[in-house]
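Protein chains: 2
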Amino acid sequence: MNDDPRFGLNRRVVLPGPLRLDGGTLLSPVEVGYETYGRLADNGGNAILICHALTGDQHVAATHPVTGKPGWWTRMVGPGRPIDPARHFVICANVLGSCMGSSGPATVNPATGKPWGMAFPVITIRDMVRAQALLLDHLGVEPLMAVVGGSMGGMQALSWAATFPERVSAAVVIASTARHSAQNIAFHEVGRQAIMADPKWRGGDYYAAGDPPAAGLAVARMAAHITYLSEAGLTEKFGRRLQARPDRPDGAKSFGFDADFQVESYLRHQGLAFTDRFDANAYLYITRALDYFDLAEEHGGTLAHAFAGTRTRFCIVSFDTDWLYPTSESRVIVHALNAAGARASFVELSSPFGHDAFLLESPELARVVDGFLRAGETA
Amino acid sequence: MNDDPRFGLNRRVVLPGPLRLDGGTLLSPVEVGYETYGRLADNGGNAILICHALTGDQHVAATHPVTGKPGWWTRMVGPGRPIDPARHFVICANVLGSCMGSSGPATVNPATGKPWGMAFPVITIRDMVRAQALLLDHLGVEPLMAVVGGSMGGMQALSWAATFPERVSAAVVIASTARHSAQNIAFHEVGRQAIMADPKWRGGDYYAAGDPPAAGLAVARMAAHITYLSEAGLTEKFGRRLQARPDRPDGAKSFGFDADFQVESYLRHQGLAFTDRFDANAYLYITRALDYFDLAEEHGGTLAHAFAGTRTRFCIVSFDTDWLYPTSESRVIVHALNAAGARASFVELSSPFGHDAFLLESPELARVVDGFLRAGETA
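Heads up: the protein sequence lines correspond to chains A and B, in order.
According to full-length UniProt numbering, the first sequence is numbered sequentially starting from 1.
According to full-length UniProt numbering, the second sequence is numbered sequentially starting from 1.
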């Protein structure tokens with residue numbers, strides 16, 4: 001098993017499927033890009049699935065092949081971390097609809113031999129979860145000691161517990177929600193309109209031209225990025241400080257439209273850097289999946305029904321300055337879990353960094369997740 | 001005076017200037033579009049200047065000539081309203097940099113005979129106020145019994161009191177702030193980047209082509225519009241309700257990229273409708289003026305210094321669900337006024353509608369403004 005070629009970094013598998021999607025389409029084949037860390041225990045009891053967020057990927061704890069940057073959650077996954085490849089078998093898969101090796105608008109439509117573009121079927125969070133289940137079947141992983149995710153990853157963790165309850169011993173849901181609010185949808189719609197307004201988007205059929213709608217995607221990223229940060233965090237980090245320039249080393253207003261303020265420069269950089277590593281159509285599809293997410297709706301309109309009879313243990317974590325998925329959304333989840341009689345622990349952590357806090361160094365978050373996972377190991 | 005041709009609806013004047021702008025440029029001539037309502041009292045003591053917000057205009061209480069809609073603040077200005085042309089002489093001028101008759105990027109640069117475009121000088125809130133002062137000089141209005149404004153209009157009211165303290169008896173500052181925060185700047189930067197990313201923007205030189213950057217401007221408007229509404233208000237108004245369609249009269253997910261959710265449809269409409277009445281470059285210039293606004297900075301870094309020795313009475317109003325300019329920003333103003341020994345009253349009103357509440361029917365707001373103005377009339 002140690003030398004199993006299915007395990008390791010930068011893996012990609014083409015599964016035959018078909019996968020029946022929530023929209024009714026049968027998707028076949030189902031491509032999945034993924035990474036694994038550590039060794040699956042002989043009893044199969046140490047598998048942890050990490051679910052990534054909107055613009056995340058499978059490179060959770062290893063160097064990103066495009067950007068060369070460290071994995072996006074090395075604070076949570078790694079030696080001495082709460083999720084430790086020395087003890088756990090860790091799987092992280094690129095979500096369906098994304099652009100890092102899994103089936104999505106940028107992959108080839110077998111019917112045409114060309115990239116799917118907007119012919120790719122619209123997918124849901126549950127579809128992402130079902131594709132991950134296919135991958136686990138392929139890897140020979142049956143039970144999961146835990147599914148762990150922040151933001152959209154937390155939605156997948158919830159959907160895992162609701163869709164495959166017998167397969168999930170524990171779910172860790174961080175800075176997340178059980179449904180997208182009107183404001184969440186509104187911000188995403190701005191991003192989608194920014195992409196679609198870019199003439200280079202060409203109805204999604206831009207791959208052959210080699211000139212993607214980077215300007216629209218950058219604006220979408222900028223708008224979304226504001227929602228990931230708290231006002232207090234932005235003020236602390238940038239305030240109204242001006243950008244230093246060669247001709248104005250101490251910073252001064254240009255009385256022009258340069259990026260005078262540091263926060264402008266930061267946002268422009270965030271927008272541009274994002275376009276180097278992300279596909280605009282994938283952004284459309286994943287934001288759509290997020291907006292469609294309403295776990296209660298999938299269960300007759302009552303969220304508690306999603307967890308009826310569950311034996312999964314839940315750990316729900318929110319951050320006090322997260323205004324994208326505020327603590328009130330986590331409380332809705334906790335109330336539903338309580339109503340369903342599920343074992344649930346909940347903690348609101350304090351952080352100045354808003355939604356992004358789940359990705360940043362947080363000894364409290366590490367302690368909470370570590371304690372929760374260890375309680376399951378010794379049980 | 002009743003038949004003075006300077007007074008009335010849809011007026012426009014070309015003043016020789018020059019106006020020295022904060023950026024150092026001398027602007028000449030200075031064009032101002034404006035409206036007046038009511039009659040100036042023989043003692044000149046009943047003049048009220050209304051200052052409009054970012055996308056507002058001088059048509060405060062009369063039909064908008066482009067959209068055919070009623071004035072934007074008929075709830076505040078009109079017969080039986082707190083500001084009543086039967087008692088008050090009301091002036092409302094299009095701000096400098098805008099596009100409804102006042103000098104701005106869409107007006108003609110006398111040096112070239114063509115629209116200014118991005119050659120128009122970057123302006124500030126104080127520049128807007130100075131242009132209004134030129135207009136009042138032209139109209140023969142010396143003291144103002146009150147300057148009244150919401151949002152950017154409130155910033156102008158503050159700037160009036162700080163720049164021409166001897167001329168302002170009272171200032172009403174509603175849903176506003178004394179400086180733009182990092183988050184405020186960030187949202188505006190997204191809008192500016194959306195406009196500038198539109199190829200039809202052409203560096204601001206799009207007037208001759210007759211094909212303005214409407215798509216970019218619509219995205220900018222959509223992003224800004226979210227900040228005008230509260231999350232609770234959006235949820236109440238739209239929630240996750242789906243849009244009815246001919247083929248799906250009860251609404252259903254399209255599993256496509258149509259505007260499935262009512263909030264998407266609403267935002268798209270807001271974006272599109274805006275482009276019919278507003279100039280993209282004007283949006284750039286006015287958002288820049290807002291981002292530059294920091295009244296304390298203009299007074300040595302201490303806001304109270306802006307009001308040193310003032311005899312102006314102030315009425316500060318905030319709304320509890322306004323997250324664009326939250327109550328905490330109004331408190332900063334009130335603390336500075338208190339420190340300066342100014343007469344200031346402050347009230348936080350409750351509304352589900354966020355920042356936009358100042359434009360909507362609010363008996364409480366009307367009562368507060370009416371009482372405040374009448375206290376000055378009887379004093």
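Any given hint could be a false lead.
Identical chains blur together in the list; that is why a pair holds if it fits in one copy or across any two.
To be verified - With a straight-line Cα cutoff of 20 Å, these simulated EDC-like cross-link-like pairs (lysine to aspartate or glutamate) come out: (1) K253 / E166; (2) K237 / D137; (3) K200 / D3; (4) K237 / D294; (5) K200 / D276; (6) K200 / E377; (7) K200 / E297; (8) K200 / D211; (9) K253 / D294; (10) K253 / D276; (11) K200 / D22; (12) K69 / D276; (13) K69 / E361; (14) K253 / D370; (15) K237 / D320; (16) K114 / D205; (17) K237 / E361; (18) K114 / D211; (19) K114 / E31; (20) K69 / D211; (21) K237 / D370.
Since the hints were derived computationally from the structure, they do not count as laboratory data.
From a predicted model like this one, the values you see are computed outputs, not experimental measurements.
Do the hints match the structure? See the list:
{"no.": "1", "hint": "K253 / E166", "verdict": "neither (60 Å within a copy, 29 Å between copies)"}
{"no.": "2", "hint": "K237 / D137", "verdict": "neither (45 Å within a copy, 44 Å between copies)"}
{"no.": "3", "hint": "K200 / D3", "verdict": "neither (45 Å within a copy, 56 Å between copies)"}
{"no.": "4", "hint": "K237 / D294", "verdict": "between (34 Å within a copy, 18 Å between copies)"}
{"no.": "5", "hint": "K200 / D276", "verdict": "within (15 Å within a copy, 24 Å between copies)"}
{"no.": "6", "hint": "K200 / E377", "verdict": "neither (51 Å within a copy, 60 Å between copies)"}
{"no.": "7", "hint": "K200 / E297", "verdict": "neither (36 Å within a copy, 42 Å between copies)"}
{"no.": "8", "hint": "K200 / D211", "verdict": "both (7 Å within a copy, 18 Å between copies)"}
{"no.": "9", "hint": "K253 / D294", "verdict": "between (46 Å within a copy, 12 Å between copies)"}
{"no.": "10", "hint": "K253 / D276", "verdict": "neither (30 Å within a copy, 32 Å between copies)"}
{"no.": "11", "hint": "K200 / D22", "verdict": "neither (30 Å within a copy, 39 Å between copies)"}
{"no.": "12", "hint": "K69 / D276", "verdict": "within (13 Å within a copy, 45 Å between copies)"}
{"no.": "13", "hint": "K69 / E361", "verdict": "within (16 Å within a copy, 52 Å between copies)"}
{"no.": "14", "hint": "K253 / D370", "verdict": "neither (48 Å within a copy, 39 Å between copies)"}
{"no.": "15", "hint": "K237 / D320", "verdict": "within (18 Å within a copy, 26 Å between copies)"}
{"no.": "16", "hint": "K114 / D205", "verdict": "within (10 Å within a copy, 39 Å between copies)"}
{"no.": "17", "hint": "K237 / E361", "verdict": "within (16 Å within a copy, 38 Å between copies)"}
{"no.": "18", "hint": "K114 / D211", "verdict": "within (16 Å within a copy, 34 Å between copies)"}
{"no.": "19", "hint": "K114 / E31", "verdict": "within (15 Å within a copy, 57 Å between copies)"}
{"no.": "20", "hint": "K69 / D211", "verdict": "neither (25 Å within a copy, 43 Å between copies)"}
{"no.": "21", "hint": "K237 / D370", "verdict": "neither (29 Å within a copy, 41 Å between copies)"}
Comparing the model with each numbered hint stated earlier shows that hints 1, 2, 3, 6, 7, 10, 11, 14, 20, 21 do not hold.
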